[in-house]
Amino acid sequence: MTQSLTEPPVRPVAELTLTGDLARPARLTVPDLLAWPQHRVRVSFDCATSGVQHHRFEGPLLHDVLHAAGPVFDPARRKDRLRFLIAVTGSDGHHALLTWAEIDPDFAHSPVLLAVGIDDTPLDRAGPQLVLPQDRCGARHISGINAIRVDGRYTSWTADATEATEPPRPGPATPGPGSAP
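For the sequence shown, position 76 matches number 76 in the UniProt record's numbering, and the numbering has no gaps at all.
Check each hint, because a few of them may be wrong.
[As the list claims (entries may be wrong)] Label-pair ranges, simulated between beta-carbon atoms:
#: 1; residue 1: Ala23; residue 2: Arg56; range: 20 to 26 Å
#: 2; residue 1: Gly51; residue 2: Arg78; range: 44 to 50 Å
#: 3; residue 1: Thr49; residue 2: Arg77; range: 38 to 44 Å
#: 4; residue 1: Thr121; residue 2: Asp80; range: 22 to 28 Å
#: 5; residue 1: His94; residue 2: Pro170; range: 19 to 25 Å
#: 6; residue 1: His54; residue 2: Ala23; range: 37 to 43 Å
#: 7; residue 1: Ser91; residue 2: Asp46; range: 44 to 50 Å
#: 8; residue 1: Asp80; residue 2: Arg125; range: 21 to 27 Å
#: 9; residue 1: Pro25; residue 2: Pro170; range: 19 to 25 Å
#: 10; residue 1: Arg153; residue 2: Arg125; range: 30 to 36 Å
#: 11; residue 1: Ala48; residue 2: Ala23; range: 39 to 45 Å
#: 12; residue 1: Ser50; residue 2: Thr29; range: 26 to 32 Å
[To be verified] EDC-like mimics (lysine to aspartate or glutamate), calculated; alpha carbons at most 20 Å apart, straight line:
#: 13; residue 1: Lys79; residue 2: Glu102
#: 14; residue 1: Lys79; residue 2: Asp106
#: 15; residue 1: Lys79; residue 2: Asp32
#: 16; residue 1: Lys79; residue 2: Asp21
#: 17; residue 1: Lys79; residue 2: Asp119
#: 18; residue 1: Lys79; residue 2: Asp64
These are calculated hints, taken from the structure and not from any lab test. Predicted, not measured: the structure shown is a model, and the values here were computed from it. Ideal placement from N, C-alpha and C gives every residue a C-beta, glycine not left out.
Using the sequences and the hints, build the whole thing.
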């Protein structure tokens, strides 16, 4: 089948993968994300490069989507979910890292969205966006999310004996330009 030269090319619907320590890893599109309850937030980001920006975002809570994928929390360990990290990657290579506590309503009182729309514009082709309304500058705002990895491999660790008994010391001074060795 050929496409008319006067019609814009049809881009495929963006897809994101949910991977990691999940009972039900998944591939989701923006239309899939519309099946979850939608939340709306107004956000003002104070960007160093482009000043203050105001937007309206709509989409499901990241917590709801990841909870449905079945994070493999250990029911025998109290607060096991607090050791889980969430890595979000955008199609442009930007990354953000969150903790489970940041998205869990039992711990945080701020919504973290997988936005499927911005300012009444659907994001079907561009892909969902990570929106943290509580972030002042929007540095963790990720556009065109293509992967989210949930990682719970951070178990307890202890410092070795030297770390536990020796206080921190400043490192050696680095000679400046023109100083003698």
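Hint check:
no. : hint                           : result
1   : Ala23 with Arg56: 20 to 26 Å   : violated, 34 Å
2   : Gly51 with Arg78: 44 to 50 Å   : holds, 45 Å
3   : Thr49 with Arg77: 38 to 44 Å   : holds, 43 Å
4   : Thr121 with Asp80: 22 to 28 Å  : violated, 39 Å
5   : His94 with Pro170: 19 to 25 Å  : violated, 35 Å
6   : His54 with Ala23: 37 to 43 Å   : holds, 39 Å
7   : Ser91 with Asp46: 44 to 50 Å   : violated, 25 Å
8   : Asp80 with Arg125: 21 to 27 Å  : violated, 38 Å
9   : Pro25 with Pro170: 19 to 25 Å  : violated, 46 Å
10  : Arg153 with Arg125: 30 to 36 Å : holds, 34 Å
11  : Ala48 with Ala23: 39 to 45 Å   : holds, 40 Å
12  : Ser50 with Thr29: 26 to 32 Å   : holds, 29 Å
13  : Lys79 with Glu102              : holds, 14 Å
14  : Lys79 with Asp106              : holds, 11 Å
15  : Lys79 with Asp32               : violated, 30 Å
16  : Lys79 with Asp21               : holds, 16 Å
17  : Lys79 with Asp119              : violated, 37 Å
18  : Lys79 with Asp64               : holds, 18 Å
The structure is inconsistent with the numbered hints 1, 4, 5, 7, 8, 9, 15 and 17, although it conforms to all the rest.
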